[in-house]
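Student: First to last, the sequence lines map onto chains Y and E. Numbered by our numbering, the letters in the first sequence go through residues 1 to 86 in order. Numbered by our numbering, the letters in the second sequence go through residues 1001 to 1616 in order.
Hint data in this document are derived by calculation from the structure and do not stem from the laboratory. For clarity, every value in this text was computed on a predicted model and none was experimentally measured. Don't take every hint at face value.
[Stated by the list, open to error] List of simulated lysine to aspartate or glutamate pairs, DMTMM-like, C-alpha gap at most 20 Å:
{"#": "1", "chain 1": "E", "residue 1": "Lys1127", "chain 2": "E", "residue 2": "Asp1154"}
{"#": "2", "chain 1": "E", "residue 1": "Lys1225", "chain 2": "E", "residue 2": "Glu1263"}
{"#": "3", "chain 1": "E", "residue 1": "Lys1114", "chain 2": "E", "residue 2": "Glu1044"}
{"#": "4", "chain 1": "E", "residue 1": "Lys1589", "chain 2": "E", "residue 2": "Glu1608"}
{"#": "5", "chain 1": "E", "residue 1": "Lys1481", "chain 2": "Y", "residue 2": "Asp67"}
{"#": "6", "chain 1": "Y", "residue 1": "Lys5", "chain 2": "Y", "residue 2": "Glu49"}
{"#": "7", "chain 1": "Y", "residue 1": "Lys5", "chain 2": "Y", "residue 2": "Asp67"}
{"#": "8", "chain 1": "E", "residue 1": "Lys1481", "chain 2": "Y", "residue 2": "Glu64"}
{"#": "9", "chain 1": "E", "residue 1": "Lys1572", "chain 2": "E", "residue 2": "Glu1263"}
{"#": "10", "chain 1": "Y", "residue 1": "Lys45", "chain 2": "Y", "residue 2": "Asp62"}
{"#": "11", "chain 1": "E", "residue 1": "Lys1481", "chain 2": "Y", "residue 2": "Glu49"}
{"#": "12", "chain 1": "E", "residue 1": "Lys1481", "chain 2": "Y", "residue 2": "Asp62"}
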Amino acid sequence: MHAMKVTLKLYASLTRYLPPGSGRHEAELDVAEGTTPAAIIDRYKLPLELTHLVFINGVFVDRESRDETELRDGDQLAIFPPVAGG
Amino acid sequence: MAWTGKILRVDLSSGTCIAEPLNMEWATQYLGQRGLASKYLSEEIDPTVDALSAGNKFIMVTGPLTGTMASTGGRYSVVTKSPLTGTIACSNSGGFIGAEMKNAGWDMIIFEGKADSPVYLYLENEKAELLPADDLWGLSVWATDEALHRKHQDPQLRIACVGRSAEAGCLYAGVINDLHRAAGRSGVGTVMASKNLKAVAVRGTRGVGNIKDPVGFMQATEAAKQVLADNAVTSQGLPTYGTQVLMNVINEVGAMPTRNMREVRFEGASNISGEAMHEPRKSDGKPNLVTNAACFGCTIACGRISTIDKGHFTVKNKPEYWGASGGLEYEAAWALGSDTGVDDLDALTYVNFLCNEDGFDPISFGATVAAAMELFEMGVLTEKDTGGLEMRFGSAEALTRSAELTMTGEGFGKELGLGSKRLCEKYGHPELSMTVKGQEFPAYDPRGIQGMGLAYATSNRGACHLRGYTVSSEVMGIPEKTDPLVTDGKAGLVKAFQDATAAVDSAGLCIFTTFAWTLADIAPQIDAACEGGWTMEKLAEVGERIWNLERDFNLAAGLTGKDDTLPKRLLKDAANTGPAQGRVNELDKMLPEYYELRGWNVEGVPTESTRQRLGL
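Input sequences plus hints: build the corresponding full structure.
Tutor: In structure tokens, the structure reads:
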């Protein structure tokens, strides 16, 4: 199984769940091939109710697909709590 | 009924202030605020009138729930014909003056004619008088507010006024109330100044009564407040980060208009975001954000109160800007920041302060500066034109100096004050003006959020996010998630958002409640307060009636279906990165279906059967 690099980006109230040593909003992670957004949410103990918007490279991943969609090397996984404005 | 049933008609030409009864038949058809005042304006002025002539009217109007215990029930609107767009204009504001007007016993104030010399309206319950304002003319919003409080010796006096930008003819000047809340868009402040009306000062002590079913109203508003309290957006996201929480989201999905909408992502977004406003500054260890703030009766409290680093170049020797004041909201941070390529949070906050201090719209201003920067970098606009300013993307100095000039209409600021359309036309590149119907875009690139392209193109006041905010569905998943890159279904989505928004804007409530509320939460509150059987269905119908009334005004003013379009850049030049890479806005796929759903002919004119159905 090959290791890959993905960027995890957490915003607003989720920022505090970034691993130590991360940048303002992001951390580069080494993950195994086949890793899904659900696995990363689980690994970093993100409260599920706060994982409202999940994007891979800016494209929305719906709740049902989070444990089916496999990340690819170089992907950017961004997660936001429920937010709105305007 | 929650309406007071009274209108104040102020004839500025003759100096008279006369009370008259509210047309209750219109109130049941148009509810209040945006809808009701649009009806009065449509009936009372010739839509082709010059917006800055005495023939235009300037209306300040509340909704039936303004001043009540309903959450966010503090809104009021300014309705007039816009000098920026030539369309009907309705600019909505929070703060406290709307509730104060209602507490003084008035649903609406209609200003007509033009005063010979500067005046302000002093309104204390039923007492209304026009007083000389020669000493206030030439003062900023903040100085006017201070002078009027001092003169009347009443700290609870609520004041709405125009600043020096409006006096100087800036076409996107707003009306500022309570120091930093704004009826900001479409140049409604310019109309106020054109009438020599400097300020409206209001004190109301009568309370807002007349509720149809007081116990039912308490129960309905309490239940609705609980919905806001239980919703993560309205109870956590907005109070903590304000609307600025959007900066990183919209950038992530590749819909962040950047450098005059040439690009769709801004590399400096995280430096000017809601999160960045919480971070301690290197210089003094304090964050930009001091606290959040609420308007009258609001249980969300999204407002930002900020400070600027005292050592920042913009305020180094200006202690008057060292205190806390109204901070950046998302649209302002986008227009002043991403669209100009400037990611200096202090510089943006400073310009935002100036926009409040002298009452000009940061969206239109920022977008006009962005257009000037593009023209300058092309070599079309030169230092000779700008008075020596190097208008380059990313220059905080150019941005802040431009604001200092625009706030008083000095030098190149006079040209910037006319907006992006007139600037780009003058320099021979109208295609570089990122506007619809002459009004500058807000902060969502319609190549990455397709529905917003249709919402912008068909907005009755020119490019605007607050007439049909499909971002809510297309990006945030509220009330349900739709794909931002798909055009199917967007015509219906835009229409539903436009109609619902028109109803909310006419109630006296804030549109931000709709991140948690639907019309099912709003209807019981209105119905308990007002006679008329206010159901969700009736509210949607009233919203649709208002939309068509505004459309009719614009058609009569000379606009046509051809004006329902977008700048060529958004229709021809594909997005350069992100999920929308390679995509343009496909307006042509949505517009015909939208016309059909609206009951309009192929030229965008409401059909006779639509007019009959809506009672127009």
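Student: If a hint holds in the structure, say so; if it doesn't, say that too.
Tutor: Okay, the hints, checked on the actual structure:
no. : hint                  : result
1   : E:Lys1127 / E:Asp1154 : holds (16 Å)
2   : E:Lys1225 / E:Glu1263 : violated (40 Å)
3   : E:Lys1114 / E:Glu1044 : holds (16 Å)
4   : E:Lys1589 / E:Glu1608 : violated (25 Å)
5   : E:Lys1481 / Y:Asp67   : holds (19 Å)
6   : Y:Lys5 / Y:Glu49      : violated (26 Å)
7   : Y:Lys5 / Y:Asp67      : holds (18 Å)
8   : E:Lys1481 / Y:Glu64   : holds (13 Å)
9   : E:Lys1572 / E:Glu1263 : holds (13 Å)
10  : Y:Lys45 / Y:Asp62     : holds (19 Å)
11  : E:Lys1481 / Y:Glu49   : holds (16 Å)
12  : E:Lys1481 / Y:Asp62   : holds (9 Å)
Checked against the numbered hints above, the structure violates hints 2, 4 and 6; every other hint is satisfied.
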